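Trainee: Residue strings, one per chain:
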Amino acid sequence: MFQSLGKYILLLRLSFRKPEKFSVYWSEVMREMVSVGVGSLGIIAVISVFIGAVATIQTAFQLVSDFIPKTIVGGITRDSTILEFSPTISALVLAGRVGSSMASQIGTMRVTEQIDALEIMGVNAPGYLISPKIIAGVSMIPLLVIVSVILGLSGGYLACAASKEVSTADYVTGLTDGFNPLIVTVCAVKAIFFGFIITSICSYQGFYTDGGSLEVGQSATRGVVWSCIMILFVDLIISRLLL
Amino acid sequence: MIEIKDIYKTFGENEVLKGISAIFKPGKNNLIIGGSGSGKTTLLKCIVGLHDPTKGDVIFNGENFTDMDFEQRVPIRTQIGMLFQNSALFDSMTVEENIMFPLNLFTTQSKAEKLERANFCLERVNLVGKNKLYPSELSGGMKKRVGIARAISMQPKYLFVDEPNSGLDPKTSILIDELINELTEEYQITTVVVTHDMNSVMGIGDHILFLHQGKKWWEGSNKEIAHTDNKELNDFVFASKFMQAAKAKL
Numbered sequence: 001m002f003q004s005l006g007k008y009i010l011l012l013r014l015s016f017r018k019p020e021k022f023s024v025y026w027s028e029v030m031r032e033m034v035s036v037g038v039g040s041l042g043i044i045a046v047i048s049v050f051i052g053a054v055a056t057i058q059t060a061f062q063l064v065s066d067f068i069p070k071t072i073v074g075g076i077t078r079d080s081t082i083l084e085f086s087p088t089i090s091a092l093v094l095a096g097r098v099g100s101s102m103a104s105q106i107g108t109m110r111v112t113e114q115i116d117a118l119e120i121m122g123v124n125a126p127g128y129l130i131s132p133k134i135i136a137g138v139s140m141i142p143l144l145v146i147v148s149v150i151l152g153l154s155g156g157y158l159a160c161a162a163s164k165e166v167s168t169a170d171y172v173t174g175l176t177d178g179f180n181p182l183i184v185t186v187c188a189v190k191a192i193f194f195g196f197i198i199t200s201i202c203s204y205q206g207f208y209t210d211g212g213s214l215e216v217g218q219s220a221t222r223g224v225v226w227s228c229i230m231i232l233f234v235d236l237i238i239s240r241l242l243l
Numbered sequence: 001m002i003e004i005k006d007i008y009k010t011f012g013e014n015e016v017l018k019g020i021s022a023i024f025k026p027g028k029n030n031l032i033i034g035g036s037g038s039g040k041t042t043l044l045k046c047i048v049g050l051h052d053p054t055k056g057d058v059i060f061n062g063e064n065f066t067d068m069d070f071e072q073r074v075p076i077r078t079q080i081g082m083l084f085q086n087s088a089l090f091d092s093m094t095v096e097e098n099i100m101f102p103l104n105l106f107t108t109q110s111k112a113e114k115l116e117r118a119n120f121c122l123e124r125v126n127l128v129g130k131n132k133l134y135p136s137e138l139s140g141g142m143k144k145r146v147g148i149a150r151a152i153s154m155q156p157k158y159l160f161v162d163e164p165n166s167g168l169d170p171k172t173s174i175l176i177d178e179l180i181n182e183l184t185e186e187y188q189i190t191t192v193v194v195t196h197d198m199n200s201v202m203g204i205g206d207h208i209l210f211l212h213q214g215k216k217w218w219e220g221s222n223k224e225i226a227h228t229d230n231k232e233l234n235d236f237v238f239a240s241k242f243m244q245a246a247k248a249k250l
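For the protein sequence lines, the chains are E and S, in the order given.
Each step along the first sequence adds one to the number in our numbering, with nothing skipped, and position 226 is 226.
Each step along the second sequence adds one to the number in our numbering, with nothing skipped, and position 249 is 249.
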């Protein structure tokens, strides 16, 4: 366990060594940003709309009563979407979509000697392969989470429009009532940390793949499992510290 | 010139290399041969720095490669070209991008100059016009040739080749051997080839190192190999009836 942690930290240190040529690394960063950001937009959009709608319907089911203002449904949906659903559920989904892809890509490069080829050329392989992925994850996953928040709240609006429990006017009023900007800060901090966790853990698992195609699959699975565990753990820590 | 001095390599309890020393000269095809598990690939990896020897030195033109850190090794590594057993081409890049990759990172050439060099390397390995193909669209022999083109793109002083004939038909194997031989002679490269292909040994083996049980068991040329009385080497080289028949005719 401690040996793995040490290897992980050393790999991160190697990943952020001075690049051989900035322009080559920059184009890799751009490529990874497109892969992480644009490539994940579809799945994030779909899950966000559904999660927002479900959160609204379930909150309404539990709270609608003559003694509680109906606008509270909007407020609760807003807070739960911004604080938890959008950053955490999106991160768990992205760990599966982006993380497994990164781990298997790097793992395949390892078992097919492509990483050895990079090293023999004099290229800092961790830097060339991992740092663009981490930069892309840390920058694009927060953007995806912002999209997720907007679509999640829109999903709640659609759920209100489709049902008779809460009017859309009450829902929109609830969204704006008692808004505390701190929750947006917490959401952004979570998204940045989750982006780092997914990309660095999955890259680490891929980089130290040893064996053949079976081990590449195992590395991808380990990367996703560890990312999910760490996402939930860091979610708890950030919530405890910032709220 | 590459000099290896008393190289030992241990993995856990398993001592794979046991004090191997040799000198590999420029313009020569230096072949490392031996049975499976004899340590030849481990020795190659120790020489190129993919493994750090447990003991011993690897010296490139008087510079001790073993003592250097990553940054210090970069200038020597840019003079090294390597062809891997499975070619190790970058899947996400085209043939042209594979060849231009080291040029992009380590030279200040313009795009036109890099393209010109890539085309020259492709011409050198008889793959003109294959620039835009991806590795998945190439045959095994073509991948090897692209691997050689990428290895020579930086005009290396040292060329390392790991099992160049594995998975190839006999005719393509001979073509690859001839190509390695031509490049070695033409550019006076110090070439080190790990192989267990007897056609390569007899065809291009200017200097042969036979490893057995992790030790240097025999050293000589392809002309000397037929007349050696070294039992282990004879058992290895003349294992097949075809080779025994060929030896009897000599």
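Some hints here could point you the wrong way.
[Claimed, not checked] Label pairs and their in silico Cβ distance ranges:
| id | chain 1 | residue 1 | chain 2 | residue 2 | range |
| --- | --- | --- | --- | --- | --- |
| 1 | S | S92 | E | V46 | 48 to 56 Å |
| 2 | S | I59 | E | L5 | 51 to 59 Å |
| 3 | E | Q62 | S | K132 | 23 to 31 Å |
| 4 | E | L243 | S | N131 | 44 to 52 Å |
| 5 | E | G211 | S | N131 | 55 to 63 Å |
| 6 | S | E224 | E | I9 | 48 to 56 Å |
| 7 | S | E113 | E | L243 | 34 to 42 Å |
| 8 | S | S240 | E | G42 | 57 to 65 Å |
| 9 | S | E116 | E | E215 | 20 to 28 Å |
The hints are simulated quantities; they were obtained by calculation from the structure and are not laboratory data.
This structure is a prediction, so every number in the text was calculated from the model and none was measured.
The beta carbon of each residue, even a glycine, is placed where N, CA and C say it ideally should be.
Trainee: For every hint, state whether the structure bears it out.
Mentor: Here is how each hint holds up against the structure:
1. In this structure the supplied range 48 to 56 Å is violated for S92/S paired with V46/E, their Cβ-Cβ distance being about 27 Å.
2. Between I59/S and L5/E the C-beta distance comes to about 37 Å, which lies outside the given range of 51 to 59 Å.
3. Roughly 60 Å separates the CB atoms of Q62/E and K132/S, a value that falls outside the hinted 23 to 31 Å.
4. One distance hint, 44 to 52 Å for the beta-carbon pair L243/E and N131/S, is violated here, with the actual separation near 57 Å.
5. At roughly 34 Å, the beta-carbon separation of G211/E and N131/S lies outside the given 55 to 63 Å, and the hint is violated.
6. Taking the beta carbon of each, E224/S and I9/E are about 52 Å apart, inside 48 to 56 Å as hinted.
7. Taking 34 to 42 Å as the suggested C-beta distance range, the pair E113/S and L243/E does not conform, at roughly 58 Å.
8. Restraint check, S240/S to G42/E: a C-beta distance of roughly 58 Å satisfies the suggested window 57 to 65 Å.
9. Taken as a hint, the range 20 to 28 Å is violated for the pair E116/S and E215/E, whose Cβ atoms sit roughly 41 Å apart.
Going through the hint list in order, the structure does not satisfy hints 1, 2, 3, 4, 5, 7 and 9.
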